Amino acid sequence: MACGCSRELIYRPGLRHYYRPASNLPKEYNLNLTHVDYQRDQAIAVICLNQPDSGNTLSRQMALDLLSAASEAQNDPQVRAVVFSAHGPMFSFGGDLKEFRRFGTNSEQLVTVADRWHEAQHCLLTMPKPVVVGVNGIAAGGGVPMTLVGDIVLVDETARYRLAYTAAGLSPDGGSTWLLPRLIGLRRTQELIFENRELSAIEAVEWGLATRTVPQGTALKTAIALAHTFAKGPTQAFASARQMLHASFGNDFMTQTALETREIGANMTGRDGQEGLEAFINKRAPVFSGSQ
Amino acid sequence: MACGCSRELIYRPGLRHYYRPASNLPKEYNLNLTHVDYQRDQAIAVICLNQPDSGNTLSRQMALDLLSAASEAQNDPQVRAVVFSAHGPMFSFGGDLKEFRRFGTNSEQLVTVADRWHEAQHCLLTMPKPVVVGVNGIAAGGGVPMTLVGDIVLVDETARYRLAYTAAGLSPDGGSTWLLPRLIGLRRTQELIFENRELSAIEAVEWGLATRTVPQGTALKTAIALAHTFAKGPTQAFASARQMLHASFGNDFMTQTALETREIGANMTGRDGQEGLEAFINKRAPVFSGSQ
Amino acid sequence: MACGCSRELIYRPGLRHYYRPASNLPKEYNLNLTHVDYQRDQAIAVICLNQPDSGNTLSRQMALDLLSAASEAQNDPQVRAVVFSAHGPMFSFGGDLKEFRRFGTNSEQLVTVADRWHEAQHCLLTMPKPVVVGVNGIAAGGGVPMTLVGDIVLVDETARYRLAYTAAGLSPDGGSTWLLPRLIGLRRTQELIFENRELSAIEAVEWGLATRTVPQGTALKTAIALAHTFAKGPTQAFASARQMLHASFGNDFMTQTALETREIGANMTGRDGQEGLEAFINKRAPVFSGSQ
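Chains as they are written, first to last, in this note's numbering: chain A, 1 to 292; chain B, 1001 to 1292; chain C, 2001 to 2292.
Bound-form chain A, shown alone (with noise of 0.2 Å):
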């Protein structure tokens, strides 16, 4: 399968449409997923983990299922905005252990459920639409860089995050060694890898993995009312913000601000662009349509 979004963001002159849809799916093509509940919601996708009897752990389906959920959200023209978030009381306890036990000492079948797992999480933090996360419950392990991905992340007041990789006597993934230096620095990304530290919602927001805390059992419901808010935004202007945001620390300033200059100038000729100085001149809340 392929997301269509794998392409690294870094500036190249002349090339300003990364994210092309595939192309090659087919029109009716089925979701069929048994691991994660998608549905398309007017101009929003939701994304939601969906084995809570397990603790929403990462299995080979799990993994799949993502990487098709996200591909999907991502290619279909209709959706402006995305949510990301579990059923049941938890977020995601991580891998599945118990299946990665059985693969033994071979690392073949590990590896692919990584590298496509690693796909579905470029594709969530890449898609040229806002995503955002809501944290309903507990992320252990590779939950915790599941609820990284998104532009927002609204974490549920009791929910606590625990990397605890090392206490199994294994290396982070999911992107936690990509994502967490640049979002918390990385002396904190140290505490919560060697020490396995566990972190409150609070803690959390405070340190920078989420955006801000919302009411006990609301995490859901208003990362979905904020991707409404999104949906009717300038979405070809967010998918600069992401795109430049992704590729910053890759990019020396001139490089940087060439990007800036480059997608500004698109954006403001743009259709969103016209709409958002004629609205604010006129003193008027402008109307956005996401084309450009």
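The hints are simulated quantities; they were obtained by calculation from the structure and are not laboratory data.
Bear in mind that the values here come from a model prediction, so they are computed numbers and not experimental data.
Worth double-checking, as some hints may not be accurate.
What the hints assert, rightly or not - Under the rule of at most 30 Å between Cα atoms (straight-line distance), these lysine-lysine pairs were calculated in the DSSO-like manner:
(1) B:K1098 x A:K232
(2) B:K1221 x B:K1232
(3) C:K2098 x B:K1232
(4) B:K1232 x B:K1283
(5) A:K221 x A:K232
(6) A:K98 x C:K2098
(7) C:K2232 x C:K2283
(8) A:K98 x C:K2283
Using the hints, position chains B and C against chain A.
For chains B and C alone, coordinates are given in the frame of chain A:
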């Protein structure tokens, strides 16, 4: 116009003096600025946005004047520290959207404004002299990245920040997407860009946009006093620090420490380093000349 | 002398074992150190700056001894965790400015000291074993970056930090300009470098220089206890984490997650990963061997 500081600072062995004063400026070089106030005060230059009646918005002329002023400050060998602030009650409301609307759907003029402004930002960020920013009031849109290019950023306790690009259908520029992730991390950068959250002066300090608050109405005055202090400092060592911090995220550890070795070697054997050692050992205050 | 850890950690496919013990050290290798105290205590190495009467300043001999000690800790296969601290009431006052003054205006000797010290810093930062730093007292100048090379940094509640380079006409070294922006962001790094602001232990923790404070006089003792805990941990997984965090800012997301996949694949199919899975499933504490 050549800024003279547009070269990137990634370490290249054997190449120490990146920042050469542009030699092609005539001696009688006349700034002749209308939108920016440029003053030299002993060994410091004071650059102030100077269109207070229109909110110090960034128009084409403002961008050109900023680049002229930044280049002059960089190239004047008498200048050993720079203040960047604004006249009037606000810092800057960002882009001159009325002018940009007149540009219509041809992005060429906007691109020119953005390019010149980005050169000015880069010049302020990388010139081999300390830059103190005084944020005298509200900074919105492109006014926000303008506040970020200094080594020390003093903010009026009543000032506020709002990165309002996406509210107008636009994507951020001015180096926002390069500077903010390095100052405050990805999560808070996303909150500013996607939700246009307003920040108070105190929050700006807590997050790392500004260094500290100053009493209402004193940002420019305090910035000038601090710049005079820096102008009596070890200019070459300050220049080394600026260069190395700018290059930091693009270098691996051994490359960065090779740069540190080269710079401390040059500084310690230079006049200010020798003076610093003498003063330290003799327990007196050093008198730095700023020369090599 | 070869540190054995000077290779950069950017991901290269198919190359997992970066950290080979240097095979060219004779078995009877004698550290014979005068300025650093090196002790092996069961499965940990304890490295202490050992010139307390002169403030543990960084002289030529101190740099050479630090590199010897760091290399020995890295290369001794019995060592599974390392403590880095100092004897006496302070951690380190930084460079031995009296010695540096004797070097005069020929930078060659200073460059040699800086290069050896930077190799030692790199070795502590990247060796495939956890490093716990115990900051027992004041860290000034080059003493500050010395405190930063660990995974966990414990700081005496009475300790203070001051990065005094520019006060002596010098630019920072020791990896300050690489480490600080990644730990505390650019703005606070600038404040430390340009204004030589003094930080308390509590501020150092809040900012992200240190992990947590410990009661007065207990930094070394607590660091030793924690290192013994790490020495019973999954050494290979810790090594993977160190390698990946070191490489993080130089890699894009897909490259970094490819590295994560490779490392978790190797760790899960290795002895400690298999033990970790068994222990997790059988709800018992794991017993890690540290071997692959």
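TODO: Could you work out which earlier hints the structure fails to respect and list their numbers in ascending sequence?
DONE: 6
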